[in-house]
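Engineer: Line by line, the protein sequences are chains A and B. Its first residue numbered 25, the first sequence is counted upward by one per residue in the working numbering. Its first residue numbered 70, the second sequence is counted upward by one per residue in the working numbering.
In short, the hints are calculated from the structure, not lab data. Ideal Cβ positions, reconstructed from N, Cα and C, are used throughout, including at glycine. A portion of the hints provided could be inaccurate.
Lysine to aspartate or glutamate pairs mimicking EDC-like chemistry, simulated, CA-CA at most 20 Å apart [claimed, not checked]:
1. 61/A x 118/B
2. 147/A x 438/B
3. 234/B x 265/B
4. 61/A x 407/B
5. 355/A x 438/B
6. 125/B x 40/A
7. 360/A x 81/B
8. 143/A x 438/B
9. 160/A x 99/B
10. 147/B x 81/B
11. 47/A x 119/B
12. 61/A x 78/B
13. 85/B x 99/B
14. 147/B x 286/A
15. 463/A x 483/A
16. 125/B x 65/A
17. 179/A x 241/A
Covered stretches of chain B, going by a simulated chain A footprint (3 or more residues, C-beta under 8 Å) [claimed, not checked]:
18. 153–166
19. 336–347
20. 406–419
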Amino acid sequence: MIEPRLVKILRDIVGDDHVTTEKADLICYSYDATQQKFLPDVVVHPISSEEISLIMKMANAENIPVFPRGAGSGFTGGSLPTRGGIVLTTERMGSILEIDEENLIATVEPGVVTEQFQKAVEKVGLFYPPDPASLKFSTLGGNVAECAGGPRCVKYGVTKDYILGLEVVTPTGDVITTGGPTMKGVVGYDLTKLLCGSEGTLGIITKIVIKLLPMPEAKKTMLVLFDSIDGAAAAVSAIVSNKIIPTTLEFMDGRTVDCVREATGLEVPKEARAVLIIEVDGDRDHLSGMAGKIEKIIESLGVVEVRVAETAEESEALWQIRRAVSPSLRKVNPDKFNEDICVPRSKVPEMIRRVDAISDRHGIPIVNFGHAGDGNIHVNIMIDKKVPGDMEKAEAAIEEVFRGALELGGTMSGEHGVGIAKAPYIPLEISEKAAEYMKTLKRALDPNNVLNPGKIFLDE
Amino acid sequence: MKRLEDLNEEIEQCVKCGACRAHCPVFGAERQEGRVARGKVALAGAVLEDEIDLDKKVIEDLSQCLLCGSCSAQCPNKVPTEDIVAAARRRIAEQKGLSTFGKAVAAVIGRPRLMNTVAKAGGALSGLLFEKLPENSGLRLRFPLPYLDADRTLPPMAKVPFREKVPEVIDGDPGKPTVAFFTGCGINYMYPAIGEAFVAALKFLGVTIIIPKEQACCGLPAVSAGSEPTVEKLARQNLDALTSRPVDHVVTACASCNAGLGHIYAGLGEEFEKLAEKTEDIFVFLEKAGLADELAALPPASEKHRVTYHDPCHLRTRGITREPRAILRALPQVDYVEMPDAGTCCGLGGTYSVYHYENSKKIGARKADNVATSGAELVATDCPGCIMQLQDSINHAGGDQRVVHILELLAEALPGKE
Chain A
25 MIEPRLVKIL RDIVGDDHVT TEKADLICYS YDATQQKFLP DVVVHPISSE EISLIMKMAN
85 AENIPVFPRG AGSGFTGGSL PTRGGIVLTT ERMGSILEID EENLIATVEP GVVTEQFQKA
145 VEKVGLFYPP DPASLKFSTL GGNVAECAGG PRCVKYGVTK DYILGLEVVT PTGDVITTGG
205 PTMKGVVGYD LTKLLCGSEG TLGIITKIVI KLLPMPEAKK TMLVLFDSID GAAAAVSAIV
265 SNKIIPTTLE FMDGRTVDCV REATGLEVPK EARAVLIIEV DGDRDHLSGM AGKIEKIIES
325 LGVVEVRVAE TAEESEALWQ IRRAVSPSLR KVNPDKFNED ICVPRSKVPE MIRRVDAISD
385 RHGIPIVNFG HAGDGNIHVN IMIDKKVPGD MEKAEAAIEE VFRGALELGG TMSGEHGVGI
445 AKAPYIPLEI SEKAAEYMKT LKRALDPNNV LNPGKIFLDE
Chain B
70 MKRLEDLNEE IEQCVKCGAC RAHCPVFGAE RQEGRVARGK VALAGAVLED EIDLDKKVIE
130 DLSQCLLCGS CSAQCPNKVP TEDIVAAARR RIAEQKGLST FGKAVAAVIG RPRLMNTVAK
190 AGGALSGLLF EKLPENSGLR LRFPLPYLDA DRTLPPMAKV PFREKVPEVI DGDPGKPTVA
250 FFTGCGINYM YPAIGEAFVA ALKFLGVTII IPKEQACCGL PAVSAGSEPT VEKLARQNLD
310 ALTSRPVDHV VTACASCNAG LGHIYAGLGE EFEKLAEKTE DIFVFLEKAG LADELAALPP
370 ASEKHRVTYH DPCHLRTRGI TREPRAILRA LPQVDYVEMP DAGTCCGLGG TYSVYHYENS
430 KKIGARKADN VATSGAELVA TDCPGCIMQL QDSINHAGGD QRVVHILELL AEALPGKE
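Just chain A, with the same shape it has in the complex (with noise of 0.2 Å):
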């Protein structure tokens, strides 16, 4: 329970209508993506820097930590109010401050869902590439807190490639602003890159100066079917050798394909034991053609059968098939942790058979798909939580995972980050001395631990 004299604060910052200590309030924000619940004491929903720089110098006099949150959707987390408190929610700041069509940036709150953004940029020609799963839903302040990557990330890079600037408030209450609308700027550290993932930990995001490319003219859509796994990566190696970096390069496992042909009767012949989607984009020109390379490439790699989409609707069907995997899962098992494994892109074929071993010895079905073009596998181990030994024997095959990924030289996320969800395992990936040097900037920042605490490491 908080104080009614600092819920009276809060609503003097501001304003009555935007806090709330409603017990249905405080169900509808205890809850992330994780499926985990932690009811805040308090909701507010502020609208500036000014009101967040407030609701930040009290919470440090009062000693009430502060959970910054956008859409609510992460995997791992990262807004979860672990210790009660205040959740302070972004769903106020949704505007698009500035298209500037001269400079090719724009200038936007935190609490802009990513793909409206998009969609306005795309009206004057122009082009933001991150493209999360979450796009339709998720908040840029969420992304840049998270580091968001999606499938378009082969050629394009992630979130934090795009981002030039911020404005942020600092756990202690101060408005601050890193970088600028230069394309370049060397002056001080580079705050902006520390920012940008740092989960909310380090400060909250009040403004975003990102930066914009051309909208490439067109993209053309192919869907790969391979009798193996190795086939399948072998011909991303392949098509990158021959230096094609193609917008995405999505895969699915043979289990993968079971699933949706399972679950949606979708026609996939049996033989396929992998299944890549290729697209590239560029100058129309440019384009023809490039399918036709593209199948001579890899046409003695084990290719099953190739289908390239020739429209708009084609390409649309192809795609179907990749967004089905989701909800066709949960035909396997209702329970599913989705881990984001990245390996370098060589990798992928040894990560898929260590995968399968895993799923093997503990008679768990796990199913996986993913970025193949930057060797980052979404890992999906199917559990029932309701069977007694499941959940043992998922977190022992997580663990077993992020293990298999770090000696291949991987990382235990390539997009979700750490939250609470993949804390438990920092110490597999991250030595001692890092985590020490992390911490300390963590310390010297927010000398109070108010803002967002106990994410990444727990114990802080």
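Please build the complex by placing chain B on the supplied structure of chain A, with the hints as guidance.
Structural biologist: Same frame as chain A, now just chain B:
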């Protein structure tokens, strides 16, 4: 109808991914978690687990749902939020009683004779009570009655309800099917012209039409308000009325009635299931009867109108999107254009717009925007409720587009009509 307890598994299917935030029209109007499907499902779950009492805020949040099904259609796990919210509302009604307006709804629609009297009084008085506005901005009428915002524009009530003007049986050609016409309240009391167009279309095909006098409201407003006894009572009365004579199909020209008879009733028992199976939307019926081809063979019209289509939620969520468009496109006087987001809810949501007219107007304003973007002069749809709401939204936006039922355009195009 499923109780909240029976929906535990469906509630647990929600993995809180947040995808509904992209599709919920109410959340689009008011961006806070209690307004979106994920929040309402979480609250229903909390109610079920006795984590929270049915306090004022929970009731308010659960009332903020159009039951439009936009979320379920896009949900990766297909969580049936509209069923969960409707069940939660029934629990609220059981424990707390119906709201004042809910009681009024149940009282009026639950007693068809009373409804007839109230509606007819409205018709007789409409000249006195309602201020008429120019024809070209649609029939704009003010409706300053309790529960209705003075700002809302409504069509006039029919002076004589549709079912009192037509015979109960209209014989068709031998060998042709027999259909029962379930008119619903919108057509009976507000838009009799749609009923007349329905009769004209089926007469053209030589179909025998039965329009049972004893039919009542489908009960969907009571589903929205949470009154289960009213729904069951009406379903029984309609079952009796519609099965008193043998018919091949029960046909509706109102999306909501179609969902009532074809979907809600199916959960009430075996005999209701049979009725649900026989229930067909008018355009599904007409398309199957091959009308699109007959229309395409008609001589071209001298003057064409740019027409767009709005998908009523109660058809769209059940996969009926192609047939109404097929008939509309085949009409000789129609130059069809698709509007952006044709499938998003108009914002009426049964009793929703009466409780939450401000949000309902915001949702409608987006729709009016989309209509304007399409460049259409006419918006055609397949639901009197949507017609009422869309016209109100366009009137508020200052647009001059008119909203019509596809049947009205069809009747205009049929040969033999001058």
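Engineer: Tell me, in ascending order, the numbers of any earlier hints that this structure violates.
Structural biologist: Hints 4, 5, 18, 19, 20 contradicted; others consistent.
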